[in-house]
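Protein chains in written order, with this note's numbering: chain A, 1 to 314; chain B, 1001 to 1412; chain C, 2001 to 2306.
The set of hints was computed from the structure by calculation and includes no laboratory data. Ideal Cβ placement from N, Cα and C applies to all residues, glycine included. Possibly wrong hints are sitting among the right ones.
[Claimed, not checked] Which residues of chain C face chain B? A partial, calculated answer using Cβ under 10 angstroms:
#1 Y2031
#2 P2139
#3 Y2148
#4 N2155
#5 F2156
#6 A2233
#7 S2277
#8 P2279
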Amino acid sequence: MNKKAILIILTALAVVLPFFTGAYVLSIFISIFVFLSLSLSWDMMLRTGQLSFGTAGFFGIGAYASALAVANLGLNPILSIILGGLFSAIIAFALGFVVLRLREIYFAITTLALTHVFSVIIRNLSDITGGASGTILPNAIFNGDPKLIYWAILLITFMVIGISEMFKRTKIRFAINSIRNDETTAKSSGIDVFKYLLLVFVITSAIQGVIGAFYAQQFAFVNPESTFSLNFLLLPIAMALVGGIYTTSGPIIGALILGLISEYLKLLIPYGHLVVYGVIIVLVVLFLPEGIFKSVKKLFASKDNVGSDINAQS
Amino acid sequence: MKKSYLLIVLSFLLAFVLFSMSGMAQEPIKIGAVNPLGDITGRQSTNAMELAVAEINEAGGLLGRPVELIVVDSEFRPEKGAAAIEKLATVDEVDFFVGGMSSGVHLAQIPSLKKYKKVTVWAGAASHKAEEAIGADADWYFHLHPWDYQQGASYGVGWNAIVKENPEIDIARVFLAYEEGAFGSDSYKAYAAMAEQASEGKGAFAGVMEEFKGASFKSAAMGGGDYRAMLQQAKEYNPDLFIWAGYDADAIPMLGQAREIGFEPNLYVGAPPGWPANFGRNPLSDKVILYGMWAPALNEVSDVAKHFWDAYVEMHDEEPATYFAPLGYTNIKFLAKGIEKAGTLEKEAVISALKSTKYVSPLGSTLEISPSNIIQNQGFTRQKILQYQDGKQHVIWPFEFATTEIEYPFSW
Amino acid sequence: MSLTKKQYIMLFLLALIILIIALWQPHALIYGIQRGSLYALIALPLALVLGILGVLNLAHGEFLTVGLYLSYMLYERFNLDPLLSIIPVVIILSLIGAGIYLLTIKHVLKDGHLNQLLLTFGVSLILIEIINIIWTSRPRNVFTSYSYSSMSIGNFSFGTYEFLYFFMAIAVLILLQLFLKKTRLGQATFAVGQNPRGAKIVGINVSYVYLFVFTLAVAILGLVGAVMLPRTAIFPAVGSPFSLKSFALAAMAGLGNMNGILIAGIGLGIGEAVIKSIPGAGGWADIVFFGVLIAVIIARSYREGN
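Please work from the sequences and hints to get the whole structure.
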């Protein structure tokens, strides 16, 4: 009951935020939600046991599909965001048949290599994509209205959180968890491992495509250097791990904490703030190896039954 | 009784008005700057802006008010650069935007800049894509750095002049080595277009450039650094003029690799935005020609440049490394001069004042505003041709700033 | 070096391809061997750490960067020739590497790959930024008389310094193999790599072996840094791309296959150089690198799967 109330309050707060803050705070939260959704999508794939390094790649092709559809075909920007997701999903579906055979670091490096392959192809097809200098759009989505942009990304983020929770709560979780924990057993107990892997791969790639498309429409441009930046890979992973993996709350908390800290540090220490950022990451790994979410949860759990647990803990 | 009462009230009122006026006089004019502070270009540009602001305040400020510079780091990340504009506009409530560096970051800032339509004087970002994104209507936008296409055209003018003075110099065959990112590819497109024009007897390179070829390479700054395949193509082409458009990290390795494969063009030209530390100290640098906006050698021919150099070194205890330092200084000084001229902060007045402001800059040339291909308010259009001679950068062209004559041909 | 039959076939195919390219594009062959050897040289220590400790070190390239800057510092301060700075650089960098290992990586060895990934990501951020604060982002170079020496055969000139990368890659590979097979510590390392729990039971000091292997890997990077410096412009992110390239080579060769790294490195180096030397195709060179990588990994998965 209590938990539900907190969730409702938080949701309501997120929805009404634009009425209480200015464009700057909104732009920070827009960025945070972008990275939060990427982070969650990466974590969803990870729950199957597959470590993907392809978030920046599917983000990038979604961004390009959306931007080119608007610039060349005059598609409605909102529809183009859906198109970005669809395009990434189709590519993921086609590649999945081959790539999902791979496991562990081989899957990781292959998805990372695909990111580079996408960006090289796009850079070299300059007649369609604008090449290295990229493509600009006549207008930012919603004419750059920060409130509408905020609500749009909030809606997308809620949907991503919803999908993540669905993966956690519906029957599909048995399949996902059993693949991660022991693929051979999963197979022998009749789970079509490949089918579920493909499903998750396509859905998470679609999310990354939608987010990329949103990003392209928000800033009204795409170019290979910015759009396929490894920031869209490394930061989401860092956020999920700092917050705590295999959960929905972990990436959310990680994205909020790292997103706010990085902006705050920048204003506090104009020169060299990234050192502190790096130190924070290292300290979190060393002292909260399960991520902030689970560590805090444990802390509360042990507080709740101090009497009985305190001896066992020490 | 009544009179004295009135007097007290009046004196109170007067005191209040005076007090509030003096309070208003103390209210600073706020200039918001967005630069990548982790990079030497952004850091030094910011330093130079601080120097300009300090000088203005020492001289009594602007319109009787002090000037405050508020700087936010763009981190070279588009979304951070855009958020910085939002912060400066809504939290700090600045009156003007300045800044520069990286077309990718600037493209992401343009939607925000267009939203606030504050008077903006932007130092960097040379991509014509940024010009397209700004568009023709933005009368509040002033862009100082020459656009990519203007730079190439400017060098055509320069070479025409140099060839006229030195008939032994021939630049009929031109080879452009360009890094495969946005900066290099845009340079290539601009050159290819100019070569086509020149073949019809038109454009800046008409009469000097006859043939043109290009090849791309991966810049060391992007994880490359092996130029030999590209240089091999250049060697086979045997150009009179070899130009490379890449980054500072490419300068010395490319020279060395050119030497080892026996590539020796008569003119070896580099067009990166900055040069590595102590480039002149490297023996390979002799007679290398460079394209740019500024060189320390300008101190010999320009008082403003000399003043800027000395004041910068005194304030920050380091030497300006790239043209972004004097450009940052110019950015603030030019804006300040416009505000002074307008006599008010009112937008239309400042815009029209800036349009007619002429500022003798530490980059040598005088900054004045004219329309470019798309936008109404473009600043510099001309670059300079310089040459390393005995470890020192010298200005070769424009002749009015020349510190020495060209040494020709280039040899190992 | 004992090679399996499969490796002989691979070597034969490689030799055949090299012969064809030598006749068609002699430059590309030389550049490819030189660059590819450098890739392999840098990838070997990454593969060593990945194979024995199971840690994918995202700060791998940054250790190389630190090595380059150490060598540069000795050149600037004491006018020490980069090749003479090898010994001090290797010693200092080993100490830095061991220190970072003891402070951080050691504590996450049991926490799973992902935390190690995040930790080394944090370490790489810190290293890059510290270098940026000390030396700024402005590139630096050293000048030596020998780094751009060249050789000519007829009209065909090429640089000779980078052949050093090739010989060093072979030397490092052979020494590593000898060490793993012939020395006690090496055999212990090998055992730990195969089965850490079993190694512990037979009395091997596993944590000492881990420390040693990590330090050895960093020491190799110090060696490479000092040798690279004469031909490289250095800046804070100079080593970063090598993490990815090394990771790619290690994956392409397959875990634990050190010979494969040299073969993969040279193969990819030549492939890249061939594409680069085709006029107008230079921009596609990366596709070769990553395309071949993907193809090899997937082909192997099919072979192993069947």
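Verification of the supplied hints:
The interface hint given for Y2031 of chain C is met, as the beta carbon of that residue sits about 5 angstroms from the closest beta carbon of chain B, less than 10 angstroms. Here the hint on P2139 of chain C is kept, as its CB sits about 4 angstroms from the closest CB of chain B, short of 10 angstroms. Nearest Cβ of chain B to the Cβ of Y2148 of chain C: about 4 angstroms, under the 10 angstroms cut. The hint holds. For N2155 of chain C, the interface hint holds, the least distance from its beta-carbon to any beta-carbon of chain B being 8 angstroms, beneath 10 angstroms.
Here the hint on F2156 of chain C is kept, as its CB sits about 9 angstroms from the closest CB of chain B, short of 10 angstroms. A hinted interface residue such as A2233 of chain C counts as satisfied when its beta carbon comes closer than 10 angstroms to some beta carbon of chain B; here the least separation is about 4 angstroms, so the hint holds. The restraint placing S2277 of chain C at the interface with chain B holds, with a minimum CB-CB distance near 4 angstroms, inside the 10 angstroms limit. Nearest Cβ of chain B to the Cβ of P2279 of chain C: about 6 angstroms, under the 10 angstroms cut. The hint holds.
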